[in-house]
Every structure is written in C-alpha cells, then in structure tokens.
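Sequence lines, in order, name chains B and L. Counting from 1, one number per residue, gives the positions in the first sequence under the working numbering. Counting from 312, one number per residue, gives the positions in the second sequence under the working numbering.
No lab work stands behind these hints: they were computed from the structure. Cβ coordinates follow ideal geometry from the N, Cα and C atoms, glycine included. Check each hint, because a few of them may be wrong.
[To be verified] Below, simulated DSBU-like cross-link-like pairs (lysine-lysine); rule was C-alpha separation at most 35 Å, straight line:
#1 L:Lys420 with B:Lys227
#2 B:Lys20 with L:Lys542
#3 B:Lys182 with L:Lys446
#4 B:Lys20 with L:Lys446
#5 B:Lys42 with L:Lys542
#6 L:Lys411 with B:Lys231
#7 L:Lys583 with B:Lys20
#8 B:Lys20 with L:Lys366
[Claimed, not checked] Simulated DEER-style distance windows between Cβ atoms:
#9 L:His477 with B:Met16: 24 to 30 Å
#10 L:Ser540 with B:Ala116: 30 to 36 Å
#11 L:Ser340 with B:Asp172: 57 to 63 Å
#12 B:Lys20 with L:Glu560: 54 to 60 Å
#13 L:Gly496 with B:His283: 40 to 46 Å
#14 B:Thr117 with L:Glu560: 58 to 64 Å
#15 B:Lys42 with L:Ala513: 54 to 60 Å
#16 L:His477 with B:Met1: 29 to 35 Å
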Amino acid sequence: MEKKATRESYGEALVMLAEKRNDLVVLDADLAAATKTGIFKKAYPDRFFDCGIAEANMMGVAAGVASTGKLVFASTFAMFAAGRAYEIIRNSIGYPHLNVKIGATHAGISVGEDGATHQCNEDIALMRTIPGMTVINPADDVEAKAAVLAMADYVGPTYMRFGRLAAPIFNDKDTYKFELGKGVQLRDGDDITIVATGLMVAQALEAADALKGQSINARVINIHTIKPIDKDIIIKAAKETGKIVTVEEHSIIGGLGSAVCDVLCENYPVPVTKIGVMDTFGHSGPAAALLEEFGLCADNIANTVKKVLGK
Amino acid sequence: MDATLKKQLEITATKVRMGVIEGVYNAKSGHPGGSLSVADVLTYLYFAKMNVDPKNPQMPERDRLVLSKGHTAPALYSVLANRGFFPVDDLKTLRHIGSKLQGHPVMNKVPGVDMSTGSLGQGISAACGMALSGKLSNEFYKVYAVLGDGEIEEGQVWEAAMFAAHYQLDNLVAVVDNNGLQIDGRISDVMSPYPIDEKFKAFGWHVISIDAHDFDAIEKAFNEAEKISGKPTVIIQRSIKGKGVSFMEDQVSWHGTAPNEEQYNQAMTELKAHLAELEK
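Bound-form chain L, shown alone (with noise of 0.2 Å):
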C-alpha cells in the first residue's frame, strides 16, 4: 500500500475509535469491543475501496456493504460520519430517544446504511440478495458483508454460505471478525466455530486470512478478492477485540459495557496520544 494513503488510513481510523467511544460513552451502552475490532477494515473499505458518494447514499451503483454483526454499529456510524455521510457531532447521539442512530443500523434512517441488521445471521443473505440481484441485472457493483466469529455460529450463515457459492457470487465478499470473543466467553470455549478458514473451504468459498489491524494486508486480501472469478470470497481476519484501547483489548467484559468517565478519559487519552503520534 502507498505509505501516504496508509498513514491517511490510520490516522482516520483512529479517528473512527474515538467516535466509537464517544458514541457508546454518551449512550451509557453499547458494543465497544466489536466495534474497535473491525475499525480499520470498516476505515479502509469505506475510505479506500468502495464506490459511495455521501451526497447521494441511495445511488443506485454504488458499492454495498451489510454490517451483519449489526451490535457494531458504532464502528459503521463513526466510519459513515467521518466519511461524510452526517455529521461527527451526531455521534453522541447514539441510542437516544430520537437520534437516527439506533442501537443497530437501520437502513432507512441513517444515511449510507446499506441494510438493517442486528438479528445476528441475517445480514449475510441480505447481502446475497444484493449480490444476486446485481447479477442479474448485469451490474458491476461490489456486495460486502461484515459478520463477527461468534455470530458464524447461526446455521443461516452457512445456509448463506452454501447459497452464495451455488450461484457463484464473485461480487460478494464477506468479512469474519476473528476477534475470538463472544458475550459468554472464548469462542472456542463458548461453541467453537473454528477452523473457519476449513469451513468455508468446504462450502466452496475462497478464503483469504488475515491480520485485521494490518491495511498493507487488508487491501492486498480485498485486491485478490476482486480477481476470484465464479465463487465469493471469504476474508478472515484475526482481530483483537477492543483493538486500540489498552484495557479494551481482548477482554470479554468490554463486548457490551460503556466505559465510565474515568474510562471514557482514559480511552480517550490514548487514542489521541496516537492520533498525535501519527500526525507528527
């Protein structure tokens, strides 16, 4: 990746930290955890690959992208925000009585929100349906869909697996969260999806590992995706869990707690001092 456009990527996506942070400490609840985890590949998806105009969000062309571990939210809004799509400001109104900026995105009311999701599963075959659809209709745009490890474990997502596969949706391209935690516990301790890579092998996906908090890796991966032809491709990404926030990172406990002041502070803090530190 040009060192220029990846410095841009970091500083954005620390950017998109601190709007994730602002957002579930202003809510009093919320999903820090996920949201930190898929931070940079949200920044670089929206910054540095698809096709969208904040000016017009409903453009029918456009790039598509599902968030389908909808409680990430955060992380799509803080992106969405900074790329334009309304204003920073309007983070901290996450999960207020009134804000369009619901617990889980809802596609009709935030701007850039491809589809509503949060019922985890379920964003996959929404994405499939895109996907197919612009098939169909002879269309060149791109169909991504985000989903975490532990959501991997509803059988719909592998009824999707085997559908996007059977019509060979080379337009597709979904996003498994590795970050090994769910609510409960461990994945592998909690119910083991692994070996993840194996599985969508077998369901005839082609299957891309990487470093999530890696953008020279995130965009060679989402690069060799655009050139499978006849089958979706599947990037799986070992992330860390509240990547980004010192004592965030890879503990179950920050899955779904908003930090308190002194917290909030401290989150804060750090994600500036690196901000500072890439902007020098």
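With the rest of the complex left out, here is chain B (with noise of 0.2 Å):
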C-alpha cells in the first residue's frame, strides 16, 4: 500500500487550498521544513510569515490575522503548539473563538529517535479541554488533505493533528468525502468494536483483518473528529458489540480513548480497553521500532481485542 506522511498531505493541501482562498496566511516557528509548510512557503512566499522559535507569539500574532478576517494557519510541533503554547491558544484563539487553525505535526511517539521531549502524547487531552475548540486526527493522506480543505470553511479554533511517520493510503482519493464531527465505520462487525483515530486506524483495519481469519468479526471506526466526537456511531456500537477497545498514539489519560469513555459512561456504558501510551515518556529509536514496544500496532490491538473476549 502507497504511504505518506500526513504532515506532507498537510503542506500539499495548503498549496491547493491558496489556489482558491487568496486570503490565506500560514505562519511557522521555524520548523517550515519539517512541518512541510515549507511546500506552501516555496509556492506563495508573499502569504508564508516565518515567526522564528517564537511559538507563544506566533498563536497570538495568528489570533490578531484572524481578527482581521484572514484565514491563517499556525505551524510547529504538537509538543510546541498544544504544550508550549496551550495558554496562548486557550486565551488569545479559544476564549474570542478566532478563527485560527492550528497545524501540527510530529504528533506521538512516532517522532521517533528525537525521543520524549518531542514526543507529544498530550496534545489531543490538552486541545479538547478548550471550549470550542475542535480536533482532528486525520488517519492517512486522503483524509488529512480532504480535512484541511474542509475545515479552512469552517469558522473557528481548529486544531489539526498530523504524523511524522509516512502512514498507508487507505481511503479512496476518488470517493473519500469528509464530514466534521463524523465517525467512519470502515469494517463491519458485531463481537466488538475497535475505535481508532490518526496512524492507528491503519493498525486496527489490519488487526480487524487478521481477526476474521480467526472468526472474530471486529466492527472498525475511525474518528477523525475527536472534538466533537460522533456520538452516535460510538453509542450504536456500543449497543450492537457490547465492548469496546480504542486505540489511539496518544496517552491514555485525557485523548481519544478518554473522549469515547465520556460518552459511553452518560449514556450507554460498556467495558472499554484503551490502548495507547500508558502514562509514560517515550524515549529515541527509531519509529516503527517504538509503535511496536509501545503496543501501537496491530499485533497487540489484535492480542487485546482476543483478550477482552477471553479468546
């Protein structure tokens, strides 16, 4: 299967999207090159504002662009733009609900050998405790272009979540239509259901194939929109698989896992297993060696779901 890293769609899907919105502004903290901003940097440098190591002040200048009615997105690492940065983004972006998207990569573990300073497994926790923001985790290339060009029309603080770590193209370019705030159901099942969001939704449909060799019919949703989430879709399989496992490359306090928990706990609880980064730092190697020592692939999710139906 062809891969992509969802930051390169992201950078890819900026130079589309200046072809139509000549309002656009992308700003970076000196990160342009590892971000891929620097592909809409080198097409429209006239729209492209380096802000340098500056993150604080680059969210704050990109709230007084949007206040002005421009559409601007605000680049750098996930550990910079949710950690550094939170209360910027919470009181200059969040609070007057600006109109800012925030773009950033080398999101989880999969950052790979610069180990657990740059590392952010925080991010999604951080993010959805922010009234009105909204958070997206696109799974591969197809959704993370068609989410950049769908959320540049929606108005509001959006906080976009993309990987370092080329990941399988597994929707359909051709057919693909996102939809905010919408759950994809991408296999069906009714033994129980594996919810996953960013890079691990290719690790659950691989885990979710492996399983039906074994008779075990997992039902897989993605949730590309973790704020607001899809209730519906997650209370439905609830109901119809009766467990629930959710995978995220993410820690397990306060992400995707989190956000299912709250809903199924008000309205229709069922056990749920999470998979994700148990409270811990990671630490350097290389990536795919640490998705693998941190259960983030499709064995374990595999393992797990056995597990959970004590098979």
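Make the complex out of the two chains shown on their own, each in a separate frame, by following the hints.
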C-alpha cells in the first residue's frame, strides 16, 4: 500500500487551498522544512511568515491575523503548539473563538529518534479541554488533505494533528468525503468494536482483518474528529457489539479513549479497553520499533481484542 | 496641541477617570491604579487620534487598539462608553454576572474592543498579527498596543518585539505604561525591566519617552510615530499609578483594590472638583 506522512499531505493541501483562498496566511516557527509548510512557502512566499523559534508569539500573531478576517494556519510540532503555547491558544484563540487553524505535526511517539521532549502524547487531551476548540486527527493522506480543505470553510478555532511517519493510504481519494464530527465505520462486525484515530486506524484495520481469519468479527471505526466527537456511532457500536477497544498514538489519559468513555459512561456504559501510551514518557528509537514497543501496532490490537473476548 | 482640544481632552479624561471609579466601586473589585495611569493616553487615542466609529465598531478600515494590560479594562470601558460605543451607565455593571463588561476585555461582547486580553504578554502578539495583516492587504489602518511596565517581564512580549521589528511593522505603535508599580511592589524591586528604552532600541524599535499626563507630549509622540517608516514605535510613558485620585497615587495597594464607600465618595469629590475647575 502506498504511504505518505500526513504532515506532507498538510503542506500539499495548503498549496491546494491557496489556489482558491487568496486570504490564506501561513505561519511557522522555524520548522517549515519539517512541518512541510515549506511546500507552501515555496509556492506562495508572500503569504508565508516565519515567526522564528517563538511559538507563543506565533499563536498570538495568528489570533491577530484572524481577527482581521483572513484565514490563518499556524504550524509547529504538536509539543510546542499544544504544549508550550497552550495558554496562548486558550486565551488568545479559544476564548475569543478566533478562526485560527493550528497545524500541529510530529504528534505522538512516532516522532522517533528525537525522543521524549519532542514526542507529544498529550496534545489531544490539552486541546479538547478548550471550549469551542475542534480537534481533528486524520488517518491518512486522503483524509488529511480533505480535512484541511474542509476546515478552511469552517469558521472557528481548530487543532489539526499530523504525523511524521509515512502512513498507509487506505482511503480512496476519488470517493472520500470528509464530514466534520462524523466517525467513519470502516469494517462491520458484531463481536467487538475497535475505535481508532490517526496513525492507528491503519493498524486497527490490519488487526481486524487478521481477527477475521480467526472468526472474530471486529467493527472498526475511524474517529478523525475527536471533538466534537460522533456520539451516535459510538453508542450504536456499544449497543451492537457490547465491548470497545480504543487505539490512539497518545496518552491513555485524556485522548480518544477518554473521549469515548465520556460518551459511553453517560449514555450506554460498556467495558472499554484503552490502547495508547500508558502514562509514561517515550524515548529515542526508530518510529516503527517504538510503535511496536508501546503496543501501538496491529499485533497488540489483535491480542488485546482476543483477551477482552476471552479467546 | 490646540488649546481647545487639550481642554476638551482633559475634561474627557476626568470623566473617564470617574467612570473607572464608578465601575470598580460597583464591582467591589478590579484594578483602579493602572486604569487611572492609562486614562489619558486612551482618551487621546479614542477622542483625537483613532479612526473609529461607535456606530460601526467592526468597520474593517478602523484603527485597532489592543489593551495588552487587560486588567485595566475599566479605563478602556470608560473611554469606549464616553466615546459612545455603549451607555456610560453600563459602567456600573462592571464584573457583574450577566454584564458584557467582564473583568478583562472580551472582543465578542463589548462594542469597540478589538481583542480579548487579560493574560499578560499576549495582546502585543495579537497586535502584531493585526499589523501584519494590514500590511499584507495594503490597508492603512494603524494598530495600537498598550502594555504595562510589569507586563513586559513576560517573555512573549520580547518575542513579539522581535517579530514587529523583523517584519518592519511601522503601522504598529506600542505604549508602555511606566507607572513603576506591579502587584508585589516597585517593578525595580520585583523584577526590573529597566532600561526599557534601551531594550526596545536593541530590539530594533523607534523609541519615544514622554510624560503620560501631558496631552501636548502625547500628541507629539503619536505624530512622530506616524512619520517613522520601516520599524515599529514604542512610546514609553512615565505615568503615575492612580493618577487623579490623591490617595491612590503611586500606591501599590491600589493596583487591584476597590474603594469602599467613603473612599469612593472622596475620589468622586476630587474628580468632580477637578472637572468643575476645567469646565470653568
């Protein structure tokens, strides 16, 4: 299967967007080569502004640009967007509900060799606590591009999470349609539901396909919009399959797993097993090896499902 | 400055100060000291300088002001009310449940407020964004950012200072309200930001130092800023915290304390007497 990092999709989508939005402004904090806003910078140098290594100011500048009515994307690594600039995002962007799109790349453990200081496993948790903040975590190239283009038409603060590692492209670019706030059921099944997001969706699909051979029918749901989350698809899955496993390249505290539990505990409580980074920091290593070590892979998902089902 | 205009501004600034006291007294909380020290410069900007229309507060070509020292909202609210953006009587609802006049300014609730602020060090960045946006689409509006001297202890201010100079934002004018006091004491004792002028110079800004309570100097400074091209300007105004109310002047204790009834009466008596003197 063809692969591409969603950060690459992000950079390319910005160029596609600029063709139809002449009010588009892109900001970066000295990471354009890595976040791939460099692709935009090359195509539209007059609408790209490097803010230097100063993420707090960049988020404030983005707020100011947005207040004048222009469409602005602000990019850096997830760690420095959601982490370092959290309070600026909350107070200067979230509170006045300004139309700033935060393009955060290098999310999760798959940052790899740079190690724990750069592996942000907390961004979804941080961003989803901000009132009115939309949180998007696309799963592949097709979804990432469609999400960028769709969110440009949505007015309001949005956090978009992209990865460093090349991810399998499983969506069909000709038929895919991004619907804000809608989960996507990718596999049908009645035994259990795997709810996944971002890079983990492809792993969940691989796990479900492997389980099928062992006569376990796992439903797979892709949650690209973590906030506002698709309550209906989650409650329906709980009613129909009775058991849920969540998978995310993020801390098990406050991310997708927590968001799913928030929905279920108030609506239709069923057992939920969370796969994610288990309240620990990451460390240096090749991304693929780290994902395996931290259980963020098809094998561990399949084994966890079997354990939950007592098989 | 034209003598009639100066007199008018002095009268308005006194009414603005009365609005500050009115608001903070009725709120039983708030920040009178710093509100009184910026009352003159805000009065000048909204009554003699800025292109704004109280009937059309979202006018795209308007000049913008970001009160980066957002805790002095009572002064901004009082100026906006006196300028006709909303009724002066609303000032009494400051900090009340249901009031648009939140403890710190909210752009989506208060007509005339261009940016939500309150967390120190952030407003200047937003002002940079507005100025950058104006340059990008060849608009002629000006952006003013008002900062506290304690506020500039925040690192983000200097990130923004670098940004404004780097992108040659000559449509941006920052004001540093140098009243010398912050919550824990004199700024020179708590965490000295001095020399403020040399710091901004080193960051590539045009620097003007003035007396904050002299309208001639204020007008001269903003006119000078307008002539500077290729770099942002900062006006460092030496001010008196609590200016206009004798017992509040240069007293750190009036940073964030509301007057009781007796103190309220005394403050209003002083301001009314000053107003009567000016209107004679």
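Going down the list of hints, with the structure as the test:
Straight-line distance between C-alpha atoms of L:Lys420 and B:Lys227 comes to about 25 Å, which keeps the hinted pair within the 35 Å bound. A threshold of 35 Å between alpha carbons decides the hint, and for B:Lys20 with L:Lys542 the separation of about 33 Å falls inside it, so the pair holds. With a C-alpha separation of about 39 Å, the suggested pair B:Lys182 and L:Lys446 falls outside the 35 Å cut-off, and the hint is violated. For a cut-off of 35 Å, the pair hint linking B:Lys20 to L:Lys446 stands: about 21 Å separates their Cα positions.
At most 35 Å may separate the alpha-carbon atoms for a hinted pair to count; B:Lys42 and L:Lys542 meet this at roughly 26 Å. Distance restraint check for L:Lys411 and B:Lys231: the Cα-Cα separation of roughly 33 Å lies within the 35 Å cut-off, and the hinted pair is therefore satisfied. In summary, the hint linking L:Lys583 to B:Lys20 is not supported, as the alpha carbons are separated by about 58 Å, beyond the 35 Å threshold. With a CA separation close to 34 Å, the supplied pair B:Lys20 and L:Lys366 stays within the 35 Å bound.
Roughly 29 Å separates the CB atoms of L:His477 and B:Met16, a value that falls within the hinted 24 to 30 Å. Between L:Ser540 and B:Ala116 the CB atoms are about 47 Å apart, so this pair departs from the stated range of 30 to 36 Å. Between L:Ser340 and B:Asp172, the C-beta spacing of about 59 Å keeps the proposed range 57 to 63 Å intact. For the pair B:Lys20 and L:Glu560, the beta carbons lie near 57 Å from each other, so the given range of 54 to 60 Å is met.
The hint said 40 to 46 Å for the Cβ distance between L:Gly496 and B:His283, and at roughly 45 Å that hint holds. Between B:Thr117 and L:Glu560 the C-beta distance comes to about 49 Å, which lies outside the given range of 58 to 64 Å. Taking 54 to 60 Å as the suggested C-beta distance range, the pair B:Lys42 and L:Ala513 does not conform, at roughly 33 Å. At roughly 44 Å, the beta carbons of L:His477 and B:Met1 sit outside the given window of 29 to 35 Å.
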